[in-house]
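**Student:** Each chain, written out:
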Amino acid sequence: MTDEDRAVIQAVKSGDTEAFRFLVERHKGVLYGIIFKMVGNSQVAEELAQDTFVKAFEALGNFRGEAKFGTWLVQIGVHAARDHLRRKKRLRQQRIVSLDELRAAQRDDLEPVDKSPGANPLSWLDEREKQDLLQQALGHLPAEHREVIVLKHFVGWSYERIAELTGDSIGTLKVRAHRARKLLKEQMHNLGWQIANGDSC
Amino acid sequence: MEHFIDRYLDGELTEEEAEAFLVAVRENPDLEAELRAYEETLAFAADTNPPGPSPDFTDQVMNRIASMNRQPAPRLHYLSHLRSLFGPTRAARLAWAAVLVLVFGLGYLTSRLGTGGELGYPDRTRGSQTVSDAGSIERTQAVASLQSENFRIFRLVYAPQKSEVSGVAIAGTFNGWNPELTPMHQEGNVWTALLILPPDTYEYMIVENGDRWITDPLALQTRDDGFGRKNAVLDLTL
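Protein chains in written order, with this note's numbering: chain X, -1 to 199; chain L, 6 to 243.
None of these hints come from the bench; they were simulated from the model. Keep in mind the model is a prediction, meaning the values are calculated, not measured. Hints should not be assumed to be uniformly reliable.
[Said to hold, decoys possible] Partial selection, computed: residues in chain L whose CB lies under 10 Å from chain X:
(1) TYR43
(2) ASP52
(3) PRO55
(4) GLY57
(5) VAL66
(6) ILE70
(7) MET73
(8) PHE156
(9) ARG160
(10) GLU192
(11) THR197
(12) LEU199
(13) ILE201
[To be verified] Over the 12 Å line for every Cβ pair with chain L, so calculated as not near, a few chain X residues:
(14) THR69
(15) ASP81
(16) ARG85
(17) PRO140
(18) GLY165
Even for Gly, the Cβ is constructed at its ideal location relative to N, Cα and C.
Pulled out of the complex, with its shape left as it was, chain X reads as follows (with noise of 0.2 Å):
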């Protein structure tokens, strides 16, 4: 934990609820990106992050400073995004769409990709376009899959860590991750997407 996260978490933890603000400001970027590629949705993102940095300061006097505090509060964020995709799978199989969701994913529907060839996709995709065919591809790929791509390999986690958090065994969650970035691959092909020397993927 860094000294001003250190300073902060005292302050709030002595009453200065303001004091969060600065937790927020410094930390809401990268946990809304992780939750967003967990969760596939602006919205939805938004929503929990906000909802996770209001369970972080709930919970704040049980945080000890073993872990870093950005840690600690990924970790809450994943577990939310969990809880929300676990309810949306239900939800699906129960064929009940809200109209939350509804206008969540109306609002995210995505321009078609420009699936021209180029020399080096950097040079042909701006900005939005990337995030757009990243969204498109993680997209396809089932939750369960798109959570072990997402916390291996964009979070950093160990299997290890990952096994404690889903309850799967290491050895499940490989090949998941396997399956996964294979998925990834071929859906960023089909997508347009090429690897940087203009060789075929």
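We have chain X; now place chain L onto it with these hints.
**Tutor:** Showing chain L alone in chain X's frame:
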């Protein structure tokens, strides 16, 4: 070879295994293309960031927290609650009451000894407080040190010269001169507050017991307030 690609991507190959694997990759164009496709896909995905939370994200979180704090505590049926806590019989409840009196009594005595009360000795070395031998200056202003891109963090420490102070707060240009918004917190003989503010120059006063406005005597700068007093100036622009 897929097994090795997975272990390589997971960072699980030993140094020797990784070296041998990369030699094999260089000798096999198909394998090389396959590995590069995986690596670049993951790098692309990791480096591509979503647009970010909404501009008022922080305000929304803080509003939710503020509204949470304002909610009244739920009403309790105290008697039934106490009964359920301390036992069903009168004898059990009396025993619990005796234990509580003992615990609080010991706690009170301990706190008196620890804070230099009449049963103990003055604590002259707590934290960053400076205490002269004559005891004339019992406050210090500290420690403006931590910075981030958008904020400056400043810890104000204040030790009242009078003992009958029950509350200390800060009023200044950063909170509309409203001392209720920035209470200081007591830590032994001193009162502290952590100010987290955007880089700027601020004026402030220390407020004792809600109505005694004091110029911070150790402020590096002061400025006339137009009413015959001086405000402390806090320069957080550096």
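**Student:** Given MET73/L as an interface hint, is the shortest Cβ-Cβ distance to chain X below 10 Å?
**Tutor:** holds, 7 Å
**Student:** Tell me if the interface restraint on ILE70/L is satisfied: Cβ within less than 10 Å of some Cβ in chain X.
**Tutor:** Where the cut-off is 10 Å and the nearest Cβ of chain X is about 5 Å from ILE70/L, the hint holds.
**Student:** Find the nearest Cβ of chain L to the Cβ of ASP81/X and say whether that gap is larger than 12 Å.
**Tutor:** The claim stands: ASP81/X keeps its Cβ more than 12 Å from every Cβ of chain L (closest is about 18 Å).
**Student:** Taking the least C-beta to C-beta distance, is VAL66/L closer than 10 Å to chain X?
**Tutor:** holds, 5 Å
**Student:** Does PRO55/L meet its interface restraint, that is, does its C-beta lie within less than 10 Å of any C-beta in chain X?
**Tutor:** holds, 4 Å
**Student:** Against chain L, does THR69/X keep a CB gap of more than 12 Å to every residue?
**Tutor:** holds, 18 Å
**Student:** Over 12 Å to the closest beta carbon of chain L is the bar; see if ARG85/X clears it.
**Tutor:** About 20 Å separates ARG85/X from the closest Cβ of chain L, which puts it past 12 Å; holds.
**Student:** For the hint on LEU199/L, just tell me whether its beta-carbon gets within less than 10 Å of chain X.
**Tutor:** With a minimum Cβ separation of about 4 Å from chain X (threshold 10 Å), the hint on LEU199/L holds.
**Student:** Can ASP52/L be said to touch chain X, with a Cβ gap under 10 Å?
**Tutor:** holds, 9 Å
**Student:** Classify the hint on GLY57/L as holds or violated, based on whether any CB of chain X lies nearer than 10 Å to its CB.
**Tutor:** With Cβ-Cβ at 6 Å, under 10 Å, it holds.
**Student:** Does the nearest C-beta of chain X fall within a distance shorter than 10 Å of the C-beta of ARG160/L?
**Tutor:** Check passed: Cβ of ARG160/L comes within 7 Å of chain X, closer than 10 Å.
**Student:** So GLY165/X supposedly isn't at the interface. Is its beta-carbon more than 12 Å from every beta-carbon in chain L?
**Tutor:** Per Cβ check, GLY165/X is outside 12 Å of chain L; nearest 20 Å; holds.
Comparing the model with each numbered hint stated earlier shows that all of them hold.
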